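Position chain B with the ligands against the provided structure of chain A, taking the given hints into account.
Chains A and B supply the protein sequences, listed in that same order.
Heads up, the numbering used here is the position in the first sequence plus 86, with the first residue counted as 1.
Heads up, the numbering used here is the position in the second sequence plus 11, with the first residue counted as 1.
Incorrect hints may have been included.
[Unchecked claim] List time: in silico SDA-like cross-link candidates among lysine to any residue, alpha-carbon distance up to 20 Å:
#1 B/86 x A/176
#2 B/145 x A/293
#3 B/180 x B/249
#4 B/145 x A/317
#5 B/145 x A/291
#6 B/86 x A/310
#7 B/341 x B/294
#8 B/221 x B/27
#9 B/145 x A/310
#10 B/145 x B/194
#11 B/145 x A/316
#12 B/145 x A/313
#13 A/272 x A/358
#14 A/358 x A/146
#15 B/86 x A/294
#16 A/272 x A/220
#17 B/86 x A/293
#18 B/86 x A/306
#19 B/86 x A/303
#20 B/145 x A/289
#21 A/176 x A/267
#22 B/86 x A/304
#23 B/86 x A/291
#24 A/272 x A/240
Simulated from the structure, these hints should not be mistaken for lab results.
None of these values were measured; they are calculated from a predicted model.
What follows is the residue order along each chain.
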Amino acid sequence: MATVIGKARVEEPAAAPVKAPRRKHAGIQSHYPFWFYLPAGVVYAVLFLVPTFIAFYFSLTRWGLFSQEFIGLDNFRQFFNEPGLLQGLKNSLIYGVITSALKVVLGLLLAVLLTSQIIARGWLRSVIFFPVLVSTIGVGITFTILMNPQQGLINKTLEVFGIHGPGWLTNPSLAIYSVALVDVWKGVGLATVIYIAGIVSIPRDYFEAAEMDGATAFERFRHIILPLARPATVTVIILSLIGGLRSFDLIWAMTGGGPGFSSDVIASVIYKQYQAGFYGLSTAGNVILFFAVTLIVLPIFWALNRKQVDM
Amino acid sequence: MAGVTFDAATRVYPGSDTPAVADLDLQIEDGEFLVLVGPSGCGKSTSLRMLAGLEAVDDGRILVGDRDVTHVSPKDRDIAMVFQNYALYPHMSVGDNMGFALRISGVGTDEIARRVAEAAKILDLEPYLDRRPKSLSGGQRQRVAMGRAIVRRPRVFLMDEPLSNLDAKLRVQTRTEIAALQRRLGVTTVYVTHDQVEAMTMGDRVAVLKDGVLQQAGTPRELYDRPVNAFVAGFIGSPAMNLLEFGAEDGGVRFGGATVPVERSVLAAHPRLLLGVRPEDLEVGDRGLPVEVDVVEELGADAYVYGHAVLDGGPANVVARVRGRSLPAKGALLRVAPRPGSTHLFAVGDGARLG
Ligand SMILES: Nc1ncnc2c1ncn2[C@@H]1O[C@H](COP(=O)(O)OP(=O)(O)O)[C@@H](O)[C@H]1O
Ligand SMILES: [Mg+2]
Numbered sequence: 087m088a089t090v091i092g093k094a095r096v097e098e099p100a101a102a103p104v105k106a107p108r109r110k111h112a113g114i115q116s117h118y119p120f121w122f123y124l125p126a127g128v129v130y131a132v133l134f135l136v137p138t139f140i141a142f143y144f145s146l147t148r149w150g151l152f153s154q155e156f157i158g159l160d161n162f163r164q165f166f167n168e169p170g171l172l173q174g175l176k177n178s179l180i181y182g183v184i185t186s187a188l189k190v191v192l193g194l195l196l197a198v199l200l201t202s203q204i205i206a207r208g209w210l211r212s213v214i215f216f217p218v219l220v221s222t223i224g225v226g227i228t229f230t231i232l233m234n235p236q237q238g239l240i241n242k243t244l245e246v247f248g249i250h251g252p253g254w255l256t257n258p259s260l261a262i263y264s265v266a267l268v269d270v271w272k273g274v275g276l277a278t279v280i281y282i283a284g285i286v287s288i289p290r291d292y293f294e295a296a297e298m299d300g301a302t303a304f305e306r307f308r309h310i311i312l313p314l315a316r317p318a319t320v321t322v323i324i325l326s327l328i329g330g331l332r333s334f335d336l337i338w339a340m341t342g343g344g345p346g347f348s349s350d351v352i353a354s355v356i357y358k359q360y361q362a363g364f365y366g367l368s369t370a371g372n373v374i375l376f377f378a379v380t381l382i383v384l385p386i387f388w389a390l391n392r393k394q395v396d397m
Numbered sequence: 012m013a014g015v016t017f018d019a020a021t022r023v024y025p026g027s028d029t030p031a032v033a034d035l036d037l038q039i040e041d042g043e044f045l046v047l048v049g050p051s052g053c054g055k056s057t058s059l060r061m062l063a064g065l066e067a068v069d070d071g072r073i074l075v076g077d078r079d080v081t082h083v084s085p086k087d088r089d090i091a092m093v094f095q096n097y098a099l100y101p102h103m104s105v106g107d108n109m110g111f112a113l114r115i116s117g118v119g120t121d122e123i124a125r126r127v128a129e130a131a132k133i134l135d136l137e138p139y140l141d142r143r144p145k146s147l148s149g150g151q152r153q154r155v156a157m158g159r160a161i162v163r164r165p166r167v168f169l170m171d172e173p174l175s176n177l178d179a180k181l182r183v184q185t186r187t188e189i190a191a192l193q194r195r196l197g198v199t200t201v202y203v204t205h206d207q208v209e210a211m212t213m214g215d216r217v218a219v220l221k222d223g224v225l226q227q228a229g230t231p232r233e234l235y236d237r238p239v240n241a242f243v244a245g246f247i248g249s250p251a252m253n254l255l256e257f258g259a260e261d262g263g264v265r266f267g268g269a270t271v272p273v274e275r276s277v278l279a280a281h282p283r284l285l286l287g288v289r290p291e292d293l294e295v296g297d298r299g300l301p302v303e304v305d306v307v308e309e310l311g312a313d314a315y316v317y318g319h320a321v322l323d324g325g326p327a328n329v330v331a332r333v334r335g336r337s338l339p340a341k342g343a344l345l346r347v348a349p350r351p352g353s354t355h356l357f358a359v360g361d362g363a364r365l366g
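Looking at chain B on its own, in the form it has when it is part of the complex:
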């Protein structure tokens, strides 16, 4: 097993003048579960395929352990990949699919059978070894794809949206199973998803990509508590963080009746500011920003109130979490203010975190 290093790795597809992945710097520890997350088209798959060796690296380097594999062919990288559509060979049985890599590399039949049986046991696939992939359900196929990777005992696992073809219920279950399996095997894993919930629940660390550029890498908690810019702030967390634009005033920004204090130096440099506050950090009271309720989403223990407020820059949507059983009605007017110390400040232009 080994860690993985992206060292300023860049990929520019032929015929395109903007890189699909630009100057990616990322260090993945040995045995770590790292999730690459970002909106569709942000370069997640490209990054993963560069690591796999399926995509050329135009600039920079990629290391597995201490070894520079930038120009090494995929088969010599000792990396296994689970494809989004599983890519199970349709003309081979489940067992042959799982044993294919070993057979290619000249491992003896007994050893192959032993390792396939072992993986099948872990993955609950024992009754299906003689079947063709076509006759399996989606979840079973997904497990065969996992099995094909496990059997090889590679140094790194790569998974590209492996759960996207499963229905919602199975996806949640398989999510925990994959995470548990990874902890048990202890193999360095890079996992790609566009779903921030998957990212937050599965990863030891999460790396957020946007337009081919790494925005932030850190533990789920770090990303949630201290997003480095407005994009990460809005991407991580559901419902998303409220991002509201205010003009700087004496001592801070005026959040309706309440004042959110801001450092003097920040106020001096930024006449306008993006204030970020998570729905659970908004409190309903008798001071604060007036919000007209549009929709109330009841979840049992608590509820999310979706409404709109009028700021000096125009109308803005606001989401707040409210507890208890007496919920506001649609059209009601609430006053909300952030809990002290729970706010995030970002620059209006590039969205960079301030302070």
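Next up, chain A with everything else stripped away, as it sits in the complex:
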């Protein structure tokens, strides 16, 4: 425009440099005196720091209720020689990836639906969250009954359409996937709520600008919602991946790791060691699980967060 008028432009000061160095501690400054943090600090230390270090220590011992004996890394050696370990690790990964991926996709689609102008929106939003609130064991038992190959409601319904349903939990190559689906059903409400919060926080201007620019509903989804709901996506992926990798209760309630060891995950392998009285060994397993989850999740978290945009 300066060229149009032909007079010098008054430029504002400090058009930010191309690569503004990211401020590490933007706004996080100590607003309170030290003693104000003390109660929280004590709670944190007693409930989180101390047990973590005790766990690390006990993983290096052979321990029972009344005795303990330091044995170095023996527990870890033994844990890595556990015959079911590889299968468990594989299943944990499958379970984590499948539940996480499905929760992202379904959660996003449901959130788009539940942020649109539909009737009974508030009611529908609570319905989708309901499974999150009920007991996992209860859900597990209910679905075990529903998935019964002969008597279960699912296969009976399929029968009506002339489809011979599989043995959802009795087929060794299917069991882990069946449980994963139930996990998705139970957990997708949380993903949806996170996505709804993410979508609602996108300023309405962007949608209107896109509408003026001629974007169709799908293009608005693709170019506005998807990129700008990215923080929600990161949260959903990370939360459900962590949950999936260390998942135990639903699997235990539905298959007990079976048939055979076909649906054993790391957490159920560890649990069986506890049951058998190998406390030190299973503590070592938990430490390994902790590092494994961290090792998988942390790089993903960094990668996802690198391209964050501010609205």
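Frame of chain A; chain B with the ligands shown alone:
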């Protein structure tokens, strides 16, 4: 390009029983720069958004050219809008922001690049095309928002308070730049502002809104010289026009010692009258209304004197422009009278112009 017609367009927001915009009748010529102005909440944005297609029209019609677009979706109206907060997509570069509409409509990459480069040149944005909006200054972002509209070559530009996020100095500069750019491109433009100075300096014509009702549309000069009612008279011009209430007397109203002549028929119908006189039309002399000086605002060449007078209806504030270097002191008593022929008369109740 095309003109725009509001034909009795009305918008009533759900849950409200008074319309946000009522029976708006407004004709905007092809290539014209029309400014919608009025106090906050008077329905300017709503009118603009109705034209954009972002707000439903509850009654009446809106035409772009000869085409009735009342029920046409925004993307099919061929209208571009500059939002108050610019609404630049934060995850796209400046260039991608400007080219987004073209990309959506399937224009080829070369053509997009060419048109974005052209707009960037006009707007001095060439060095910033690869940057994200966040790393730009307010003025640069404002220009990107303009660029995004220009690139599309729409039939109509809409701008909703596009300068309100800029500081005062930049606002004045950008004001002239936008006006010049609009003249150069010749695209019909509807511009919304609450700032009457912006309205007067930028618009070919200005439409004044109050409470969702169009008060007057005309050139800045028409609005200034012949406001149709007391509201427009008080809204346009700074400092505002003096509006003083007088009782009708024989032959006119008595402005202190001076008499302002009023037509006999008007006097007969209106026992009380609102007399409007602009600060620059008040002359200091030895006859006229006594005004006690409260504040003197010196501007260099001249000064505004803010004071109060006692009328038969009670005390009233009076502003007068005085020239020269010998200015009255605070507390001094001046006598002011309007220059002959410079006064406006309005009815006391509805404020309608008389004669
Ligand atoms: N989405 C809405 N829902 C209900 N009322 C609204 C909405 N938007 C604006 N209004 C009301 O309509 C009137 C006009 O608003 P608006 O056009 O935004 O005014 P302006 O832009 O002139 O400040 C105001 O009284 C405002 O409160
Ligand atoms: Mg507004």
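Agreement of residue 86 of chain B and residue 303 of chain A with the hint, judged by alpha carbon distance not exceeding 20 Å: holds, 11 Å
20 Å Cα cutoff - pair residue 341 of chain B, residue 294 of chain B: holds, 18 Å
Does residue 316 of chain A sit within 20 Å of residue 145 of chain B, going by the straight-line distance between their CA atoms? Answer holds: residue 145 of chain B to residue 316 of chain A is near 17 Å, not above 20 Å.
Sort out whether residue 310 of chain A lies within 20 Å of residue 86 of chain B, counting only the CA atoms. holds, 16 Å
If you draw a straight line from the CA of residue 145 of chain B to the CA of residue 194 of chain B, is it 20 Å or shorter? Violated, at about 30 Å.
Against the 20 Å threshold, does the CA-CA distance of residue 180 of chain B and residue 249 of chain B hold or violate the hint? Between residue 180 of chain B and residue 249 of chain B the Cα gap is close to 18 Å, so the pair holds against 20 Å.
Within 20 Å, alpha carbon to alpha carbon, are residue 145 of chain B and residue 313 of chain A? Between residue 145 of chain B and residue 313 of chain A the Cα gap is close to 16 Å, so the pair holds against 20 Å.
Straight-line alpha-carbon gap residue 176 of chain A to residue 267 of chain A, limit 20 Å: Answer holds: residue 176 of chain A to residue 267 of chain A is near 17 Å, not above 20 Å.
Agreement of residue 86 of chain B and residue 294 of chain A with the hint, judged by alpha carbon distance not exceeding 20 Å: Within the cut-off at roughly 10 Å; holds.
Check the hint pairing residue 272 of chain A with residue 240 of chain A against an upper bound of 20 Å on the C-alpha distance. holds, 17 Å
Pairwise hint evaluation, residue 27 of chain B against residue 221 of chain B, where the allowed Cα distance is 20 Å at most: Roughly 17 Å between the alpha carbons, so the hint for residue 221 of chain B and residue 27 of chain B holds.
Regarding the pair residue 145 of chain B and residue 289 of chain A, is the alpha-carbon distance no greater than 20 Å? holds, 15 Å
The earlier numbered hints that this structure contradicts are 1, 10, 13.
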